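Trainee: Sequence:
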Amino acid sequence: MKNGQATVQEKTIVGKIATFLRHEITTTNYRAGAHLKESQISAEFGVSRVPVREAFRILQSEGYLEVIPNRGSFVKPISLSYIKETSIVYKQLAPIILEKAIPNYRESTYKKAFNLLEKIEKSTDFTNVGYMLWDFARVIYGPSKYDFMLCIFDDIYSHSIRLLSEFFKNAETKQYKVESHYEFLHLCKQGKKDEAIKYWSDFIGNMSNIAVALAEKK
1 MKNGQATVQE KTIVGKIATF LRHEITTTNY RAGAHLKESQ ISAEFGVSRV PVREAFRILQ
61 SEGYLEVIPN RGSFVKPISL SYIKETSIVY KQLAPIILEK AIPNYRESTY KKAFNLLEKI
121 EKSTDFTNVG YMLWDFARVI YGPSKYDFML CIFDDIYSHS IRLLSEFFKN AETKQYKVES
181 HYEFLHLCKQ GKKDEAIKYW SDFIGNMSNI AVALAEKK
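Note that our numbering has the sequence shown beginning at 1, numbered continuously upward.
The set of hints was computed from the structure by calculation and includes no laboratory data.
Please note that a few of the clues may not be correct.
Said to hold, decoys possible - With a straight-line Cα cutoff of 30 Å, these simulated DSSO-like cross-link-like pairs (lysine-lysine) come out:
| # | residue 1 | residue 2 |
| --- | --- | --- |
| 1 | Lys100 | Lys76 |
| 2 | Lys84 | Lys145 |
| 3 | Lys111 | Lys192 |
| 4 | Lys112 | Lys198 |
| 5 | Lys91 | Lys122 |
| 6 | Lys177 | Lys145 |
| 7 | Lys112 | Lys189 |
| 8 | Lys37 | Lys119 |
| 9 | Lys100 | Lys177 |
| 10 | Lys91 | Lys145 |
| 11 | Lys76 | Lys111 |
| 12 | Lys37 | Lys122 |
| 13 | Lys119 | Lys189 |
Unchecked claim - Ranges of calculated distance between the beta carbons of each label pair, as one might list FRET restraints:
| # | residue 1 | residue 2 | range |
| --- | --- | --- | --- |
| 14 | Asp125 | Thr19 | 17 to 27 Å |
| 15 | Thr124 | Leu214 | 13 to 23 Å |
| 16 | Tyr182 | Glu66 | 37 to 47 Å |
| 17 | Asn70 | Glu99 | 49 to 59 Å |
| 18 | Gly63 | Leu214 | 49 to 59 Å |
| 19 | Lys122 | Gln60 | 33 to 43 Å |
| 20 | Phe114 | Lys84 | 46 to 56 Å |
| 21 | Glu54 | Lys111 | 22 to 32 Å |
| 22 | Lys91 | Phe45 | 16 to 26 Å |
| 23 | Ser48 | Gln92 | 18 to 28 Å |
| 24 | Asp154 | Glu183 | 47 to 57 Å |
Model, not experiment: these values are computed from the prediction.
No residue lacks a Cβ here, since even glycine has one placed at the ideal position from N, Cα and C.
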């Protein structure tokens, strides 16, 4: 029983460390190329290096870290090719998912979506904005029940927040415009599914171009 409890506790610690590091990387507190040291992280959490090493492995598998032999673990840059590839995948999958999702929207779906947009409009915290946009995506795509494709979108959004953080740090305005999000929802409520999908596809196409342009400047 004690061994089982220790295993659960160890997994919990690994999860906490991984969540912390993921957040620090996503918000660019740990920037691309930063050297993450096991000794420093273990001291910060008051644990041995074992759970830290396991957390590093998790983040490496998720694409947040890269391990360089004889040098250590470093925050992995988001490559231009990755952005281009995810843009292609997103633009291809979004219409398919929405085709199935929109007919399943309920009043509660719209309520959640509009509440998120109101919060985004009022927020000047780029970290919160990024996560709320991720939540918005889950609201509008979730009713499709396409679990595999939704997991792909989760991966895309988790890394896109890093780009959004860079954008906000360099932008003159600290507010994210959501007019297109409102228009999409209004079209859906009016029963104009095909028009809504086309409108949203055009919007994400433009956003993808902006993301690529931003990455090319770095």
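Trainee: Next, verify each hint and record whether it holds.
Mentor: We went through each hint and held it up to the structure:
A distance of roughly 35 Å separates the Cα atoms of Lys100 and Lys76; the hinted pair therefore is violated under the 30 Å criterion. About 26 Å separates the Cα atoms of Lys84 and Lys145, which keeps this hinted pair within 30 Å; it holds. Distance hint between Lys111 and Lys192 is fulfilled; the C-alpha atoms sit about 18 Å from each other, no more than 30 Å. Of the pairs offered as hints, the one joining Lys112 and Lys198 holds, with about 22 Å between alpha carbons and a cut-off of 30 Å not exceeded.
With a C-alpha separation of about 28 Å, the suggested pairing of Lys91 with Lys122 holds against the 30 Å cut-off. Of the pairs offered as hints, the one joining Lys177 and Lys145 holds, with about 28 Å between alpha carbons and a cut-off of 30 Å not exceeded. Taking the CA atoms of Lys112 and Lys189, the gap is near 14 Å; set against the 30 Å cutoff, the hint holds. Restraint check for Lys37 and Lys119: the C-alpha separation of about 36 Å exceeds 30 Å, so the hint is violated.
A threshold of 30 Å between alpha carbons decides the hint, and for Lys100 with Lys177 the separation of about 27 Å falls inside it, so the pair holds. A hinted pair counts as satisfied when its Cα atoms are at most 30 Å apart, and Lys91 with Lys145 qualifies at roughly 18 Å. At most 30 Å may separate the alpha-carbon atoms for a hinted pair to count; Lys76 and Lys111 exceed this at roughly 37 Å. For the hint linking Lys37 to Lys122, the alpha-carbon distance of about 37 Å lies beyond 30 Å, and the restraint is violated.
Between Lys119 and Lys189 the alpha-carbon distance is near 21 Å, which keeps this suggested pair within the 30 Å criterion. Asp125 and Thr19 have their C-beta atoms about 18 Å apart, which keeps the hinted 17 to 27 Å range intact. Look at Thr124 against Leu214: about 19 Å separates their beta carbons, and that is inside 13 to 23 Å. With their beta carbons about 39 Å apart, Tyr182 and Glu66 fall inside the hinted range of 37 to 47 Å.
Here the CB-CB span from Asn70 to Glu99 is close to 50 Å, well matched to the stated 49 to 59 Å. Distance hint check for Gly63 and Leu214: the Cβ-Cβ separation is about 18 Å, which falls outside the suggested range of 49 to 59 Å. The hint said 33 to 43 Å for the Cβ distance between Lys122 and Gln60, and at roughly 37 Å that hint holds. Checking the proposed 46 to 56 Å range against Phe114 and Lys84 shows it is violated: the Cβ atoms sit about 32 Å from each other.
Range check, Glu54 to Lys111: about 40 Å between beta-carbon atoms, so the 22 to 32 Å window is missed. Between Lys91 and Phe45 the beta carbons are some 40 Å apart, a value that contradicts the proposed interval 16 to 26 Å. Between Ser48 and Gln92, the C-beta spacing of about 45 Å breaks the proposed range 18 to 28 Å. Taken as a hint, the range 47 to 57 Å is violated for the pair Asp154 and Glu183, whose Cβ atoms sit roughly 25 Å apart.
Hints 1, 8, 11, 12, 18, 20, 21, 22, 23, 24 from the list above are not met by this structure, while the remaining hints are.
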